[in-house]
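S.K.: Protein chains in written order, with the working numbering: chain A, 2 to 302; chain B, 29 to 293; chain C, 24 to 309.
Hints are computed from structural coordinates only; laboratory data are not their basis.
Small disclaimer: the values here were computed from a predicted structure and weren't measured.
Some hints could be false.
[Stated by the list, open to error] List time: in silico DSBU-like cross-link candidates among lysine-lysine, alpha-carbon distance up to 35 Å:
hint, chain 1, residue 1, chain 2, residue 2
1, C, K131, C, K121
2, C, K302, B, K221
3, B, K221, B, K155
4, B, K252, C, K169
5, C, K302, B, K155
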Amino acid sequence: MRIVSTWLDWLTTDAPESRLQGRLAQSYQTFYRFVRNPLAVCGLVIVAVLVGLAIFAPLLVPYDPLATDLGSRLLPPSASHWFGTDHLGRDIFSRVISGSRVTLTIVLLVAILIGPIGMAIGIVAGYFGGTTDRFLMGVTDVVMAFPRLILALAFVAVLGPGLENAVIAIAITGWPAYARLARAETLSLRQREFVVAARLQGASVVRILIRYIAPFCIPSVIIRLTLDMAGIILIAAGLGFLGLGAQPPAAEWGAMVAAGRDYLIDKWWVATLPGAAIFVVSLGFNLLGDGLRDVFDRRVN
Amino acid sequence: MKHASSVPVTTPANALDVKNLCVTYGSARVVNDVSFSVAHGECLGLIGESGSGKSTILKALTGTAPAAGMMEILGMPASARARDKRHTRSVQMVFQDPYAALHPRHSVERILEEPLAIQGIGDREAKIRASLASVGLPLGFRFRYPHQLSGGQRQRVAIARALILEPEVLLLDEPTSALDVSVQAEVLNLLAKLHRERGLTMLFVGHDLGVIAHMCARVIVLNKGELVETLMRDQIYSGQATQPYTQQLLRATNLEQRSANRNMA
Amino acid sequence: MSHRETPAAAEPLVAVENLWIRFPGRRGPVAAVAGVSFSMGREKLAIVGESGSGKSLTARTIMGLLPEAAEVTADRLSLQGDDLRGLREKDFARLRGKRMAMILQDPKQSLNPIMTAGQQIVESCRLHLGDSRRSARERALELLHKVRIDNPQRVFGLYPHEVSGGMGQRIMIAMMLAAEPDLLVADEPTSALDVSVRAEVLDLIESLVVERGMGLILISHDLDLVSAYSDRVVVMYSGRVMETLPASELAKASHPYTRGLIGCRPPLDHRVETLPVLKRDPAWLS
Numbered sequence: 002m003r004i005v006s007t008w009l010d011w012l013t014t015d016a017p018e019s020r021l022q023g024r025l026a027q028s029y030q031t032f033y034r035f036v037r038n039p040l041a042v043c044g045l046v047i048v049a050v051l052v053g054l055a056i057f058a059p060l061l062v063p064y065d066p067l068a069t070d071l072g073s074r075l076l077p078p079s080a081s082h083w084f085g086t087d088h089l090g091r092d093i094f095s096r097v098i099s100g101s102r103v104t105l106t107i108v109l110l111v112a113i114l115i116g117p118i119g120m121a122i123g124i125v126a127g128y129f130g131g132t133t134d135r136f137l138m139g140v141t142d143v144v145m146a147f148p149r150l151i152l153a154l155a156f157v158a159v160l161g162p163g164l165e166n167a168v169i170a171i172a173i174t175g176w177p178a179y180a181r182l183a184r185a186e187t188l189s190l191r192q193r194e195f196v197v198a199a200r201l202q203g204a205s206v207v208r209i210l211i212r213y214i215a216p217f218c219i220p221s222v223i224i225r226l227t228l229d230m231a232g233i234i235l236i237a238a239g240l241g242f243l244g245l246g247a248q249p250p251a252a253e254w255g256a257m258v259a260a261g262r263d264y265l266i267d268k269w270w271v272a273t274l275p276g277a278a279i280f281v282v283s284l285g286f287n288l289l290g291d292g293l294r295d296v297f298d299r300r301v302n
Numbered sequence: 029m030k031h032a033s034s035v036p037v038t039t040p041a042n043a044l045d046v047k048n049l050c051v052t053y054g055s056a057r058v059v060n061d062v063s064f065s066v067a068h069g070e071c072l073g074l075i076g077e078s079g080s081g082k083s084t085i086l087k088a089l090t091g092t093a094p095a096a097g098m099m100e101i102l103g104m105p106a107s108a109r110a111r112d113k114r115h116t117r118s119v120q121m122v123f124q125d126p127y128a129a130l131h132p133r134h135s136v137e138r139i140l141e142e143p144l145a146i147q148g149i150g151d152r153e154a155k156i157r158a159s160l161a162s163v164g165l166p167l168g169f170r171f172r173y174p175h176q177l178s179g180g181q182r183q184r185v186a187i188a189r190a191l192i193l194e195p196e197v198l199l200l201d202e203p204t205s206a207l208d209v210s211v212q213a214e215v216l217n218l219l220a221k222l223h224r225e226r227g228l229t230m231l232f233v234g235h236d237l238g239v240i241a242h243m244c245a246r247v248i249v250l251n252k253g254e255l256v257e258t259l260m261r262d263q264i265y266s267g268q269a270t271q272p273y274t275q276q277l278l279r280a281t282n283l284e285q286r287s288a289n290r291n292m293a
Numbered sequence: 024m025s026h027r028e029t030p031a032a033a034e035p036l037v038a039v040e041n042l043w044i045r046f047p048g049r050r051g052p053v054a055a056v057a058g059v060s061f062s063m064g065r066e067k068l069a070i071v072g073e074s075g076s077g078k079s080l081t082a083r084t085i086m087g088l089l090p091e092a093a094e095v096t097a098d099r100l101s102l103q104g105d106d107l108r109g110l111r112e113k114d115f116a117r118l119r120g121k122r123m124a125m126i127l128q129d130p131k132q133s134l135n136p137i138m139t140a141g142q143q144i145v146e147s148c149r150l151h152l153g154d155s156r157r158s159a160r161e162r163a164l165e166l167l168h169k170v171r172i173d174n175p176q177r178v179f180g181l182y183p184h185e186v187s188g189g190m191g192q193r194i195m196i197a198m199m200l201a202a203e204p205d206l207l208v209a210d211e212p213t214s215a216l217d218v219s220v221r222a223e224v225l226d227l228i229e230s231l232v233v234e235r236g237m238g239l240i241l242i243s244h245d246l247d248l249v250s251a252y253s254d255r256v257v258v259m260y261s262g263r264v265m266e267t268l269p270a271s272e273l274a275k276a277s278h279p280y281t282r283g284l285i286g287c288r289p290p291l292d293h294r295v296e297t298l299p300v301l302k303r304d305p306a307w308l309s
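Isolated chain A, as found in the complex (with noise of 0.2 Å):
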């Protein structure tokens, strides 16, 4: 106990005596306000266990996701398929937790895309002002005016079905709100006065966006994203039931409601919990966003 709470004051001390301290002490803060709120946590614990499904699938599934078994059709969930099977008699626990890589394949692709565009986009807008801004801000609002899956379906059908191509019509649609969002915060950081400092101090145009207004931007990109990953899912899902998202037979949660809607009736199973699982990660990632937005939006003073 005692060690415990030596530890504990050597983290949450207001007078740190080295570097390493300084910035351990830092994170600690972070770390603490995020673990205090029971919510977030079982945000990331979903999360996490997500993401471990997704790395270990080949290793967790107890049968072949692939494999189709027509003497097992629609067979309802039981100590050997324990979430039943589907109607080419695959196993659809196994369907699920390799479906989670293709889930975690597009949320990923598709933040990494929107998150740092979105925002490069933004700050540029909001630091420079004038005319940029004025065209930037033109080109997201006209990009935002279209209703995100609509706009998805387009680009779907003009590049044609496939999972990149879902993950690029779902990224195209989806950047115009970092844009808006780092520009915000852009325009309150651009005055302030350590931002003054650091341009009379002769730093670049490059080094005060990159060093001074970005660090800012990304806590709410973050928020944003992880609040986004619900939306995109379904969007995907949305693709998916529809028939252009990743083809057949790769397992895909959205893909697989789709198949299972014409049993949904009598072999609810089939449709319903994948579903679950859709339902299940988005909530994951929305407290998760809760959680984080609830660390991270101090305002800068």
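Let chain A serve as the given structure and place chains B and C on it in line with the hints.
M.R.: Then chains B and C, alone, in the frame of chain A:
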């Protein structure tokens, strides 16, 4: 070292020369035809109430306000200076709000190192130590983050940051207005000491006559963007002023102090 | 109830005894106010101190405006004899306006930005006095006149962002005095105003308070202001009272903290080479 050139290099007589400065935001003329000069090593005070344009003049000098008119710092036009990194280091600024003046995510050490890194100056460890010592902060403070410092300590870090590049001109925008009176006394003493030791040219903006008269031998009074009067320190102490606005200002400040002096002399 | 005074003596307007305000901290509760005591009648009492001294918190305790997390204990905390300890929000709401009112520092932040000055005063009148719309309007105009606003009709229709700081404060004062409270708490009422306007606003507060026989608690960090506009001064440092003395005797202040505060201001009539610096003695906190 300067190489021989056909154009004679003269040391400008004044560190700061401002002529006919006008700053207009939209349809509002915030600074109207203000002219003044600051000699090398002098501390000039700019006093005015809110809306007088005093902070805007500093913004114009640092290039963050749309200015028309002539502004020369150390013999070079202000606009030309802003373009060259080497020149920016000779003019630095201390701001009013100690809470917004420091990067909240950087440690004190990083805050002090940043100007050195930008200007490509070496020997950083020694300079940072010297810098902290010159503002009276213990060396251990360098690992702290701004939220672990009091207002007065933050302002000291801000002053250290401004001086680490060894500027010749220091612009001060109400550096003690947000501080408690006891902390203000310490910071003013520090600024006066640094002024003496380094022969800095200072332009001190404020609204508190007592503070400005303490720091500056010569004071310019601004009202609604116009230069009303220039006063010497003795004139403030003896309450002499020629312009009605200045007289009103002196009276208002003195009113509380005089009755206070009755109670506290 | 303890009976210190003789039964014939009047109950003090405000009585505070051994007030402690604690906030939960990382390593246990932190005392922001530690054992503060004072009492006042219908006079002008100033509470002066630097930031972190607890002066604002003390005043807000009387008004019942502390944050949820604050834990308040006191041997005595009363307004005209009514015990304020353990009162809930709705009890305080009944007292505020009618019996006690508060003016804050920045009128631009404490006035409702989407209502005109007149509408806000009218709302106050209707809420606390039950006036009809017409009589509230008349009373509001009268109040605006009382706070020395030259053109009450015009100012009635102005929004807070359209008026200067000094006028905003006058509107605030009018609003707060509408229900004729017995106690006025002014928390740094002129800190956000220009120097030339301060004296006018303080003169106004002083004259209104004296005219109506109210008590005034004036909170400030500015010793000059406090010495000119109060009868008695309570000096606070780090949550404790250092000393309480009449404003006219500030020169004879005995506590080194008070003397230090007086001495460290830059004088207006002569030059000093180095300003005296206040040395904080940890013994003051015992």
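S.K.: Does each hint fit the structure? Answer for all of them.
M.R.: Do the hints match the structure? See the list:
1. A hinted pair counts as satisfied when its Cα atoms are at most 35 Å apart, and K131/C with K121/C qualifies at roughly 24 Å.
2. Of the pairs offered as hints, the one joining K302/C and K221/B holds, with about 19 Å between alpha carbons and a cut-off of 35 Å not exceeded.
3. Annotation: proposed proximity of K221/B to K155/B holds, straight-line Cα distance about 19 Å (limit 35 Å).
4. Between K252/B and K169/C the alpha-carbon distance is near 29 Å, which keeps this suggested pair within the 35 Å criterion.
5. Using a Cα cut-off of 35 Å, the hinted pair K302/C and K155/B holds, with the two alpha carbons roughly 29 Å apart.
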